[in-house]
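Going down the list, the protein sequences come from chains L, D and Z.
Residue numbering for the first sequence follows the numbering used here, starting at 823 and increasing by one per position.
Residue numbering for the second sequence follows the numbering used here, starting at 97 and increasing by one per position.
Residue numbering for the third sequence follows the numbering used here, starting at 287 and increasing by one per position.
If you're looking for bench data, these hints aren't it; they were derived computationally from the structure.
It should be emphasised that the depicted structure is a prediction, and the values quoted were computed from it without experimental measurement.
Any given hint could be a false lead.
[Stated by the list, open to error] If you only want the chain D side, here are some residues facing chain L, beta carbon under 8 Å, derived:
(1) Phe-99
(2) Leu-189
(3) Ser-191
(4) Ala-195
(5) Leu-201
(6) Ser-202
(7) Asn-276
(8) Ala-338
(9) His-342
(10) Val-343
(11) Asp-347
(12) Phe-348
[To be verified] Calculated from the model, a selection of chain L residues having no Cβ within reach of chain Z, i.e. all distances over 10 Å:
(13) Phe-827
(14) Thr-863
(15) Gln-997
(16) Ala-1061
(17) Ala-1075
(18) Ser-1084
(19) Thr-1105
The beta carbon of each residue, even a glycine, is placed where N, CA and C say it ideally should be.
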Amino acid sequence: MADAFVVETTDLRKSYDGVEALRGLTLSVPAGSICGFLGRTGAGKTTTIKILLGMARPTAGRATVFGLPADSPAASVDIRRRTGFVGDDKGLYDSMTVRGMIRHTASFYPQWSRELEEKYVRRFELGPERGIKTLSRGMRTKLALLLALCRGADLLMLDEPTTGLDPAATEDVLQALVGHAADRGTTVFFSSHQLADVEQIADHVVIIDRGRTAVAGALDDLRQNYRRIQLVFDGDAPAYTFQTRGVARVKRAGRVMTVLSSAGIDAVLGEARQLNPVSTDSTPVTLKDIFLDTVAVED
Amino acid sequence: MLFQHAFLETRWRFLIGLVVLPVSAAFVALSYPQVVALSQSVTASPTTALGREVAEGIELAKTYDSYVWSQWFRQEGAQLGGLFAAIIGTGGLLSQAAASRLFTLSLPVSRERLLAARAAAGLTQMLALTVVPALVIVLVSPLVSRSFPLIDALAYALGAFAGCAVMFSLAFFLSSMFGNVWAPVVLTMCAGAALAALDQITGADRFSLLRMIHGDAYFHGLGLLWTMLLMSVLASSAFVYAGIRHVARQDF
Amino acid sequence: MIFRPNASSGVPIYLQLMEQVKHAIETGALRAGDQLPGIRPLAEELVINPNTVAKAYRELEHDGVIELRHGAGAFVTGAAREKKLTERLKAGQAIVAAAVDKLRSRGVTEAEIRRLFEAELTRLTMKGEPRG
């Protein structure tokens, strides 16, 4: 796998019945990374994953996985052979037993590892004879995760893997992902609402908002570059539009102006000095702040 | 594994059919003595429509072969076969729960293979549901001191299978258009009913699908209608192909 | 080394990990020559990204706290380097004590002092100067 990026989309668009789910989404997922895919409900996360796996076809734009076109049915079969998918509903056949589901899935993947299967059955405490109908949500997630991990995939694609799980089950899932990725260099691409989980294990992040990429990059870079700058003025904070690139949000409340910038403090401070603030202050910003301030904006 | 899985998906419908059809067929065969006794005590007036039907029934009951043909292969067997063909043909990806559907679609198999496996499993089940009752009749006939020729039973079963295959394929095709699991069943049964009505109106003979299912021509000593069998194979293939193409292009 | 990194605390996880290692050395839980866990096993145990562990180890090596022996792993450095580190910290402590005294004599409160130090350090990070 010589490509630097396992997943790439360019100006991806998708309309369902006149509703534009994706409006030109461009993203890249570096090989070997753990990439968190964030966005509000309805922003287009599941649609993107469906397109990447060949379950839906784009209206326009390109999407490639392992360098192969996602909208070609033949290539899509190859993509799916190398990808482990866990949907947000976990997608298991209720009429089967745990063992039956595992055997059925294993039959499609020549690279299936019995060793890993036994390891995870033990680790997740999955009773092989149990009916899938009887499993709790946490157990279903773990079984779905097992099915994805044992097939020797180069890419894991998960849609909200920890949503609805208790903290212990969440930790189990995250630990399995980190352990697996670390051992095999598997790329992990997962959508999530649990920002804390993303911050814990991801090294890359893509935030999607209304069908487009709002923020993308290495998590360390984002933490370094995003700053909240507070300017206090003598009188009311002036209404000012910053020229500097990267200013994501400006809020004014009384004598305080708060600026969220993705391009570093210096440029913003340079411009802010002209306004003669009484004091300037800068604080680091968490992923939650970045998320809320870039997608929860009412334009 | 795709074939086995598809087979398992319709296993309850299949197993119910596998009980209902052979048992009904056996019942028909085993009722022969009573029917004979009954028809001997009845006289029918040929002036009314009902009277003519009863007279025809009495006529047909005169020999065991014609009785079995008229009661099972022309009537009950055909109706039940058509019903189960529609019930087994429906289902599939569109009416499946969204969660398990996405899992199925995430497997490294083309949609064509997925659907072809479902069609193959369904047709295999239909084959069993048409052949087994026929065999049961052959096996059970000695119990009423009669015998039904195996070759005839298989010939009728073949006609029934060919016709039911068309019904199955129609339901299969319709299931690629509707997310509702019952719509294809209802529409297929309506199509069957429409065919029957058409037959009545036009008085169509050997070239009606229904008559082929019934094995009319064979009963009247004309042998198997290879043209009709071929047509039904073509029709089934066309419906299955259309269903596969339709799903292959869909967004999920 | 069992601790739970706090992903949302605002302090980068790699820094938290570095602090944990240094703390372990100070309290004697880790001694000169002890081997640290491998990057991958540690990442899995702490449930954090392996790159984060790698970064922490690199920075610790830069600080002279540990040394990365190619192919063998990460080891706590010997006494001599440790001593150098302690001396450096001692000197630093003196400088900080003097600065804090001076600020307090000007009426700057403790909370403000803390913020001033943090702001200055983050400003340096912004400029790309290594937090060595």
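Quick rundown of the hints versus the structure:
Among the interface hints, the one on D/Phe-99 is violated; its C-beta lies about 11 Å from the nearest C-beta in chain L, farther than the 8 Å criterion. The interface hint given for D/Leu-189 is broken, as the beta carbon of that residue sits about 11 Å from the closest beta carbon of chain L, more than 8 Å. Look at D/Ser-191: its Cβ only gets to about 15 Å from chain L, farther than 8 Å, so that hint breaks. Because the beta carbon of D/Ala-195 sits about 3 Å from the nearest beta carbon in chain L, less than 8 Å, this interface hint is met.
With 8 Å as the threshold, the beta carbon of D/Leu-201 comes within range of chain L, its nearest partner Cβ sitting at about 5 Å, so the hint holds. For D/Ser-202, the interface hint holds, since its Cβ comes within 8 Å of a Cβ in chain L; the closest pair sits about 4 Å apart. Hint status for D/Asn-276: violated, given a least beta-carbon distance of 18 Å to chain L, over 8 Å. The interface hint given for D/Ala-338 is violated, since its Cβ lies 17 Å from the closest Cβ of chain L, which is over the 8 Å cut-off.
Interface hint at D/His-342: violated, since its Cβ lies 14 Å from the closest Cβ of chain L, which is beyond the 8 Å cut-off. Look at D/Val-343: its Cβ only gets to about 12 Å from chain L, farther than 8 Å, so that hint breaks. Hint on D/Asp-347 holds. Least Cβ distance to chain L is approximately 4 Å, under the 8 Å limit. Interface restraint check: D/Phe-348 against chain L, minimum CB-CB distance 5 Å, threshold 8 Å, status holds.
Every beta carbon of chain Z lies more than 10 Å from that of L/Phe-827, the smallest distance being close to 17 Å; the non-interface claim holds. Here L/Thr-863 stays apart from chain Z, with its beta-carbon at least about 21 Å from theirs, past the 10 Å limit. Taking the minimum C-beta to C-beta distance to chain Z, about 5 Å, the non-interface status of L/Gln-997 is violated against the 10 Å cut. No Cβ of chain Z comes within 10 Å of the Cβ of L/Ala-1061; the nearest lies about 26 Å off, and the non-interface call holds.
Non-interface status of L/Ala-1075 relative to chain Z is upheld: no Cβ of that chain comes within 10 Å, the nearest being about 20 Å off. Once the 10 Å rule is applied to beta carbons, L/Ser-1084 is consistent with being away from chain Z; the minimum gap is 12 Å. At roughly 8 Å from the closest C-beta of chain Z, the C-beta of L/Thr-1105 falls inside 10 Å, breaking its exclusion from the interface.
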